[in-house]
Amino acid sequence: MRKRRKTTSYHPLKRSIKSGLAPGTPVFVGERKQDDVQISIMTYSHDGVEELRSATLEDCRKSVASDSIRWININGLHDVKTIETLTRQFSLHPLTLEDIVNSGQRPKAEEFHHYIFLVLKMLSYDDARKTFSIENISLILGENYVISFQEKKGDLFDPIRDRIRTGKGRLRSSGADFLAYSLMDAVLDGYFIAIEKLGDHIEEVDEAILAGNDTGQMAVIHRMKRELLYLRKSVWPLREEISQLEKSSSPLISAATKTFLRDLYDHNIQVIDMVETYRDILGGMHDTYLSSISHRMNEVMKVLTIIATIFIPLTFVAGVYGMNFQYMPELEWRYGYFVVMGIMAVIGGGLLVYFRKRKWI
Amino acid sequence: MRKRRKTTSYHPLKRSIKSGLAPGTPVFVGERKQDDVQISIMTYSHDGVEELRSATLEDCRKSVASDSIRWININGLHDVKTIETLTRQFSLHPLTLEDIVNSGQRPKAEEFHHYIFLVLKMLSYDDARKTFSIENISLILGENYVISFQEKKGDLFDPIRDRIRTGKGRLRSSGADFLAYSLMDAVLDGYFIAIEKLGDHIEEVDEAILAGNDTGQMAVIHRMKRELLYLRKSVWPLREEISQLEKSSSPLISAATKTFLRDLYDHNIQVIDMVETYRDILGGMHDTYLSSISHRMNEVMKVLTIIATIFIPLTFVAGVYGMNFQYMPELEWRYGYFVVMGIMAVIGGGLLVYFRKRKWI
Amino acid sequence: MRKRRKTTSYHPLKRSIKSGLAPGTPVFVGERKQDDVQISIMTYSHDGVEELRSATLEDCRKSVASDSIRWININGLHDVKTIETLTRQFSLHPLTLEDIVNSGQRPKAEEFHHYIFLVLKMLSYDDARKTFSIENISLILGENYVISFQEKKGDLFDPIRDRIRTGKGRLRSSGADFLAYSLMDAVLDGYFIAIEKLGDHIEEVDEAILAGNDTGQMAVIHRMKRELLYLRKSVWPLREEISQLEKSSSPLISAATKTFLRDLYDHNIQVIDMVETYRDILGGMHDTYLSSISHRMNEVMKVLTIIATIFIPLTFVAGVYGMNFQYMPELEWRYGYFVVMGIMAVIGGGLLVYFRKRKWI
Amino acid sequence: MRKRRKTTSYHPLKRSIKSGLAPGTPVFVGERKQDDVQISIMTYSHDGVEELRSATLEDCRKSVASDSIRWININGLHDVKTIETLTRQFSLHPLTLEDIVNSGQRPKAEEFHHYIFLVLKMLSYDDARKTFSIENISLILGENYVISFQEKKGDLFDPIRDRIRTGKGRLRSSGADFLAYSLMDAVLDGYFIAIEKLGDHIEEVDEAILAGNDTGQMAVIHRMKRELLYLRKSVWPLREEISQLEKSSSPLISAATKTFLRDLYDHNIQVIDMVETYRDILGGMHDTYLSSISHRMNEVMKVLTIIATIFIPLTFVAGVYGMNFQYMPELEWRYGYFVVMGIMAVIGGGLLVYFRKRKWI
Amino acid sequence: MRKRRKTTSYHPLKRSIKSGLAPGTPVFVGERKQDDVQISIMTYSHDGVEELRSATLEDCRKSVASDSIRWININGLHDVKTIETLTRQFSLHPLTLEDIVNSGQRPKAEEFHHYIFLVLKMLSYDDARKTFSIENISLILGENYVISFQEKKGDLFDPIRDRIRTGKGRLRSSGADFLAYSLMDAVLDGYFIAIEKLGDHIEEVDEAILAGNDTGQMAVIHRMKRELLYLRKSVWPLREEISQLEKSSSPLISAATKTFLRDLYDHNIQVIDMVETYRDILGGMHDTYLSSISHRMNEVMKVLTIIATIFIPLTFVAGVYGMNFQYMPELEWRYGYFVVMGIMAVIGGGLLVYFRKRKWI
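Protein chains in written order, with the working numbering: chain A, 287 to 647; chain G, 287 to 647; chain D, 287 to 647; chain F, 287 to 647; chain U, 287 to 647.
Errors might be hidden in some of the hints.
[Unchecked claim] For lysine-lysine, the following DSBU-like pairs were computed, each having C-alpha atoms within a straight-line distance of at most 35 Å:
#	chain 1	residue 1	chain 2	residue 2
1	F	Lys588	D	Lys483
2	U	Lys588	U	Lys454
3	A	Lys588	D	Lys588
4	G	Lys511	G	Lys348
5	F	Lys438	D	Lys454
6	G	Lys483	A	Lys511
7	F	Lys511	F	Lys454
8	D	Lys483	D	Lys533
9	D	Lys454	D	Lys319
10	A	Lys588	G	Lys544
[Said to hold, decoys possible] Okay, the calculated bits of chain U under chain F, using three or more residues with CB under 8 Å as the criterion:
#	stretch
11	312-321
12	347-354
13	534-546
14	581-595
15	620-626
FYI, nobody ran anything at the bench for these hints, they're computed from the structure. Built from N, CA and C at the ideal position, the CB exists for glycine as well.
In isolation and in its complexed conformation, chain A is listed as follows (with noise of 0.2 Å):
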């Protein structure tokens, strides 16, 4: 129990750490996903394309001078020192660098002067655990550069890689923003993939409630619910963060690129929709469960005691032919037995008729 939350959480990430140092001061927050960093850079351009696959420092800096478009990926950020490197040959504000280290951030756009900075949250839906995990992602967008960090190695960006390489799309004729447009659109599409999971999950104990399979369902239904508040909390802000760069007058933004961004802007409402519209279901699913257990046990009930009250009687006309008074006339009938057989044969057949008219059983 412990351990899924600590996934997907909305612990503060031990946050707490962090208490009492200065502004700026780059810690790590979040857990460690992987042992080293790994460095990958692609110059690209129209022209023709450049990899290195285990860069080092010394490679990111040498690449500032290049007049090519270039990604640099990191992947693994616990190594706080080697980033802090990083962000300075770029010169990017202590406070980025802070919350880059930081797992916890939420999503939002941040312009500074020279460069902009994007925080995006990478989701995968672990179909074992029925469970979201989530991951930060955290962009640099410059002049013709993107750095992208991730917590570990994935192979979300791998098709983008794939088309870099290849030459297809409009990515190696485009800019800097378009790649790091490129990116955000992979995450997002990641969301549909992830979302489409949790759907088929949703369905599944939908199937098993109206089949009357329903043991557990509500803790079932209530560890969905609280899924889908995390990514709440990774999709809403996503779209404030969206349409901040659409509208942004950086010149780092090209006005062909903002034509994208508004179509990413659409996905990102379409998958808010889907997250509200499982959101409402579940509550309706939660209220169908309720009310299929409560008539259950209603039925019950119902059956049992009308079981009981149809004896009840019986049993009080059996006790008062076993009292031992001397005088009871009834005793000594010859055919007395019989007679009050059917009578209680004609009162519990009585109740059940009775019972059955007003629709009970």
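With chain A held as given, fit chains G, D, F and U onto it using these hints.
Relative to the frame of chain A, chains G, D, F and U by itself:
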């Protein structure tokens, strides 16, 4: 169950298949609702009408040169190649093409340099299955032309074709913007019909509940609530879309048409009002249903418990005189039996009177 | 049941019959509330009043030339032809005509070049059937004239006619805009009366519930909630409508009248406040009702269960001494019977004392 | 019951009597709270104070000429004639007059050419009847004068009179705007006291509920919720009112006073915070109450059912050996009775142990 | 109970004692949390630091002349005289003084001509009593100086003092605005710690509920909900406060510091997110708790009812053969007793099988 949901799908329509593709790559997302793509072209001016019922892409290309108003209608979206060619003829943005073939779009208006792109949802209520079916409609409003994309052939736009042919109303004497407005108006008129039918269904269920015939009504109420959820997703964004057109500074929309758009906006607000009212009414029905169920249950339990309660003390009395003590004076009394029977009648009657007095029965 | 709902209809008023017609085609949508169309004209200035109680279209046409303020009132909207002719005389937009004869309109203000079109809802509370009846009122405010359209003859505007005739107040000395304001004020005054009556009804129900007389009150509360739903739809849009007039830059509305419109706006806010307060109060009554029902039920069940619980152990004791074992020493004791009876009295009394101590009875 | 509600009336205060009257016709709407109208005038400047405790209309008229700051206070609003004369002396708008004598007004600020009209609600909590009583206060802020209208004589403004008399604070050296502010501040101070008392009452009820003494607490909670409903209607519009004054460009309000108005605004926000917090707390109390009631009920039912359940099998065993079969071997055993009694003890004890183990008792 | 509430008081802090006083009259409102007022002064510039740990008012007066940055910290607010003198030395507005000594203030920023007044709430979570304690912090940011007012001595600002002393970070080289920002940042860091602790507590309760150990958890959940209510009142207004500073045009705040304020704003949004998430989680826990309680209760009732239901028909059969009719053939059968016992076993077993089949047990 599964089938139904596919239609009014909150499902992301397997957008996941698109993940990793370059933005602007057109991929058909949706259900293939008809076999072949049908293109029809109407060219009209104040003076006359020319109609091509099964046109080819070549016909479309030729029509570009025309001075009259052209309305190109496409039924069937799965043949991406054809649609791509068509959009290239009218130099539409790749993102527009991508949106046209993706039936999961939400209603929106997007202004490009030389055209306006509109997405609408066509609504029809399936009386038999008691569900809405929602179809995507895309409109391209350019200078002197309108292109409409439907997922499958429908009769929604037939009255407009008739009006163009006969020259009644102001259609023939107005521009392409009025045609686009007329198409939107036709779609919105369809909402009124669909919601009217849903309303009839809601009234039927309401009356069934009040008549006490409530088996399974809970599930029906929940399903209708879900239907309204999807419906809201179609009509709320439409509001923004129409308002955007009304306030647009694009030369493609004339002031005269804007007056009509304002009217359309009002109709849409009316639709929204109806949807929200039905939501509230369904909420109220849900409450009434629950309280009527629990009221009935209470009545049953009460009556049964009262029967049991009356007989339990009587059975006790009978039990007392069924004891086998050697010395029990009452047993030897001549009329002991009748006295005890009388006492029991008094107890039973007294309890009945007491219960009635306290209004329990 | 069906009948009632027709009146305060959330039903789209069979707008479906309009589907497919050209926008601006006038079709009467609503119930035919009176047989013939009645037209009356009041022409007045500071100096005098002229009144035509059953005017013809010809009279209307002539009045256009007049310099005095003219108030043309039309009762009955089903004769579309007549109303169409009239609106053409005053060169009204076809959409205005369409809206006038459609009683399903929501309150709104629309400014055209030479006139302002206003839609209002007249409200009256039917004491006998405990429902609101809502009637559509349309006003045309032009230069020097006001045209008012009512679904049927009513006495709402009589005080205003009296004030014009007698010359009291500022009506005779003000322009057409003040007349339009006065008509709106009269409609709003009607709201206060209607809500007052609803309030009395709510109080009656509240007292009945507190007095424990609650059969069927649930249905009444739900019906009143629904009534308030319709009411809200009349008063909320009115707020925007008045505010729009107040801020209008149209020369048709003078600054002096705007002060009065601000007052009207305040009255409308008061009406909204009352409606929302009643909604909250009804919500509270609903809760009280439910909890009083369940409380009563609990009381019943508790008392009955306690009776049963006391007698069940006693019956057991009696059953023990009703066993037929050959050797049961107690049975042969001289006072065995009385001892056992005493023990049973102690058990019963003890349970009673215990229950009372735990405050169960 | 009826009586109480009249006081904090959500009732439209029989505004219906006004229906049909010309706008601006002053009609007293409210309860006549005192017999005669009392007018008092304070004329003060930096140098001195002059006080007229029972002034006449003539005194008011004369005071108009004065150069000092004048504060005219009127207690009692039912004598419409007197108030009409007074307002005419200061050339107030007829709508202002109408609003002054209508105690159903909601808080608002209205700027006219030469004065500002303010409506406030004075609040006091009646400790005995546990209800708020709400009184209407109207203020006219003109150049060098303030006129205040109260429904009945109260001591709310006495501290301000004292401060004027003694010359303490900045009142004597400031303008009429500071006097108006001081009066508003006094009204708001009254809110703190009233809500403090309500808070004490809420705490008492909360403790009574936690102590299990909950007879009738439901009704109390509901009544307090209703009281807060009325309260909200007084404080929320006040927020807008003060904010409007603060941002007003009227020369009647000086920059120095605006600093104080900002402070007043903060106080009002604090009052709103408190009201909303109490609403949330009452909502929580409602839930706690319901769940404690149902918990107690459950406990009762459980214990009673357990008693019944233990004795029912035992009674069955006793019943078996009460059967009259001729051949029942156990009956003839020497210690049959004791064996059976032992078996019954084992069954009863066993059930008790089982129940305890499952934590049912 | 009463004690606890005093601390996180929603109580208006007996503001009533202020009623009737002139606005701007400083009255200490709150709890006296320490005995004497302590003043400390830090004077620093890029070159060095001077520290006065127990300063006098005289020291403060002298420091006014200094050119370096001065930070005056005051612990203890009950000695209104001292604080009044101090504020007069810095020519603060009387309303500022009044707000400083009133611990019931809500967070706000107020700009005056020569200084900015800030109110913050310091938060700490008392692990033992599981409640937040909230303390009022006031900051005065003037040209080259910051004055901070705390209700009692705390160690929250110690890290900042250390940073000034050691000259680490940019504090020594920045202006007074950066100092004010650093103090606010320290307060906000405290929020993370406090909410982290609350989160741990919520998780403990959640796990206890899931483990079925739920005695009294309802009260705990309600108390935590209330705590979050108070918390929200501290963090929501802070958002507006920081945003106001960030957008301020005051020369007292430099552009460089504004970048840091934007970061602070983000942190505050994160805190708000956490608070809202915890609210939702507590709401969900409440639901889970209720449904687990009712589920358990249902289980108990069902099992008990089933036991009763099985034995009631059996007891009836036993009762039948306990009747004393002279002619009851079964009684004379040789194996009548065993046959009946067998029949009873069959009935009981049959019911058990039936119940199991319907999944009732």
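Unmet hints by their number, sorted upward, for this structure: 1, 2, 4, 7, 10, 11, 12 and 13
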